[in-house]
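A.B. asks: Guided by the hints, dock chain G onto chain Y, whose structure is given.
Protein chains: 2
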Amino acid sequence: MKPTRRRFEAAEYAERQRRTREAMAARGIELLIVCDPSNMCWLTGFDGWSFYVHQCVVVGGDGELFWFGRGIDAPTARLTTDLPEQDIVVYPDHYVQSPDIHPMDRLAGVLRDRQLGTRRIGVEKDNYYFSARAAESLSAGLAGAEFCDATGLVNWQRAVKSAREIEYMKRAGRVVGEVYRRVMDVAEPGMRKNELVAEILYAATLGTADCFGDYPAIVPLIGAGDEASACHVTWDGALLEVNSGMFLELAGVHARYHCPCSRTLYFGEPPRKYRDVEHAILEGIDSALALFKPGNTCGQAAEAFFGTLKKYGYEKDNRCGYSIGLSYPPDWGERTMSLRSNDTTELETGMCFHFMPGVWFDDWGFEISESITVTPSGAECLSAVPRKLLVK
Amino acid sequence: MKPTRRRFEAAEYAERQRRTREAMAARGIELLIVCDPSNMCWLTGFDGWSFYVHQCVVVGGDGELFWFGRGIDAPTARLTTDLPEQDIVVYPDHYVQSPDIHPMDRLAGVLRDRQLGTRRIGVEKDNYYFSARAAESLSAGLAGAEFCDATGLVNWQRAVKSAREIEYMKRAGRVVGEVYRRVMDVAEPGMRKNELVAEILYAATLGTADCFGDYPAIVPLIGAGDEASACHVTWDGALLEVNSGMFLELAGVHARYHCPCSRTLYFGEPPRKYRDVEHAILEGIDSALALFKPGNTCGQAAEAFFGTLKKYGYEKDNRCGYSIGLSYPPDWGERTMSLRSNDTTELETGMCFHFMPGVWFDDWGFEISESITVTPSGAECLSAVPRKLLVK
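Chains as they are written, first to last, in my numbering: chain Y, 324 to 715; chain G, 324 to 715.
In isolation and in its complexed conformation, chain Y is listed as follows:
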């Protein structure tokens, strides 16, 4: 690993691999094929935009661990991991996006050659980077193997963050602080949406004097005017209007660790309905933050928020947050815990969440969110953006 590309000591990667093997053993999984780029990075450090082709990290219960990917991406593995040369295993370029042959055919051959082809193999069946065809190819190439679904197995090992991980997330929090400072400096009616996003991306990438801004797993989402009802809409070149509100769903990112932070921005004097929702959401956030401590569950924290909203007459039928950390597109969530009533996961110190109490109506929406880490005394916020309806 190139020293400037090192994010964690070798011992921390080793401990992550140990925990993963322990979880594998508990489920009788002898070999794990990890295609989720976040999991690949967490286990080994591997970091590059090569996930648009098939690649994986293979973890054996009894000590094997190798990276498998496209030939031209081997230099990225050398730069960003501690893997020895024999554990950087490549496939030739004619396997890329070919209708006739599949990189997973090739991996099956590698596993057979290494006498690993008859194991009980865990695969991440519900991940963006493990397609239905990848599963079929592996299965056809390894007739003697038994496959099981290990979606989320590594993700769950990531739930409780190390001190260094939390440090990266706080740095990401400082980055998103800079982003909102820039928004408040430059945003004004008559500006085009893409102009505002250009400023956001500039500030988010510049970061702070000592923390570079990395790319977010989700681009800045901006819903303005009637489009604020559409919570995952992206920008166009339309003008931002006076006497109009918009939500901004943004993140600061450092070394792939995310600190999302959403706010609503209003140009002009906000109408009563904005102030009413703001009041309910801020009280709901306060009531929930205190509950993010060990022993409580995700569901309890969520219910506190939903209860406050209901008291004020608002209904929310979607989850109000999810676990966060290291991530790659298309999602900055970890896809394990959700903040919703039926999630009974017990909170532990060091877990991190994007507590995301947005509400959307037929023709507008409102978001104020906080990224937090669980501590014995309740949530600690990872960023310090003023928690209020932003007005200019």
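I should point out that these hints are in silico values taken from the structure, not numbers from a laboratory.
Any given hint could turn out to be false.
All copies of an identical chain are treated as equivalent in the list; a pair is satisfied when it fits inside any one copy or across any two copies.
Stated by the list, open to error - Here are the computed lysine-lysine pairs in the DSSO-like style, where the Cα-Cα straight-line distance is at most 30 Å:
1. Lys634 to Lys596
2. Lys715 to Lys596
3. Lys633 to Lys616
4. Lys639 to Lys325
5. Lys596 to Lys325
6. Lys715 to Lys325
C.D. replies: What follows is chain G alone, placed relative to chain Y:
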């Protein structure tokens, strides 16, 4: 569809759907489940960053067409498509990232209710957005259906661009022109990599006075110094050094249409090896561009380039380009044609490619690329960035 969100006339979407149904019929596919967000957008206009949850467009051979997705994304479907309300079909939020239930279980129920559950169904088995688990859920829920792999079926219909699509790609070309102007204005030794990328993202999102810059399906790739050997590495906060080269793999984007354009930038007096490769690559580009005309094949264009490289003593064993157009992360390629020797696809007027003749060595790399469209007289470039080694 909201008028400001309309990218194509209703007739163009109808024609795309007709072509898709024709291709389905030719392969005996009665129902097509389209999960690739690029294909969803091309068929209906649907455009939002909601592809991190399961969603699709379902196309029936005999006229059905509906969008299926998460409840909170229905407003995005209303804003960006012409679909009537009954064809915007949603699943409840507790299906999102749940280990116990899957959105595709729900879709199976919708198909059964609509008497579509016993058809011959095409699914995009090798797409990021159709996971192995999605395939299993559908299969379990539709025992009477027959499934086949329709990966690329819609992508292939997208290969020849309409006049309006080419106009969007040329606008994207003007956007990337602005990006390189900014790079040449501000890049200098001692700048941090993330500072340069901040400038790139700013210019790429600002676009031109009349074309907003949209987000690219791949973030700016910058390989500087020894990292230039790693072709998919992303930035960090390291300083850019004098007497050092870097590749920049960037795209201009407008309304989801991409115009990628790579260049190599050298700070100082480039050493001989840079000039030698530049000479070979520029001659190789010239020899290949003339061949991008109807009747020739992808392989012939690629061979012309490989032949020139070889003449100068360079070997390249990976493809030198791929078809491009409308795209979403993680790949701006269309995943149909590749510019490599064994691709025998015949070129047609209106096809568009990123002709990407990069070469990577053990400790450096060099890229000069052009996005082009096929015309009767050879390639027309979609952007006008000076085609040379950039030096500052």
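A.B. asks: Hint by hint, note whether the structure agrees.
C.D. replies: How the hints compare with the structure:
Taking identical chains as interchangeable, the C-alpha atoms of Lys634 and Lys596 lie at most 30 Å apart only when both belong to the same chain, with a minimum of 16 Å there against 71 Å between chains. Taking identical chains as interchangeable, the C-alpha atoms of Lys715 and Lys596 lie at most 30 Å apart only when both belong to the same chain, with a minimum of 17 Å there against 55 Å between chains. In this assembly of identical chains, Lys633 and Lys616 lie within 30 Å of each other by CA distance solely inside one copy; the values are 23 Å within and 64 Å between copies. In this homomeric assembly, Lys639 and Lys325 come within 30 Å of each other (Cα to Cα) only across copies, at 26 Å, whereas the closest approach inside a single copy is 47 Å.
In this homomeric assembly, Lys596 and Lys325 come within 30 Å of each other (Cα to Cα) only across copies, at 24 Å, whereas the closest approach inside a single copy is 53 Å. Taking the shortest alpha-carbon separations for Lys715 and Lys325, only the inter-copy value of 27 Å comes in at or below 30 Å, while the best intra-copy value is 45 Å.
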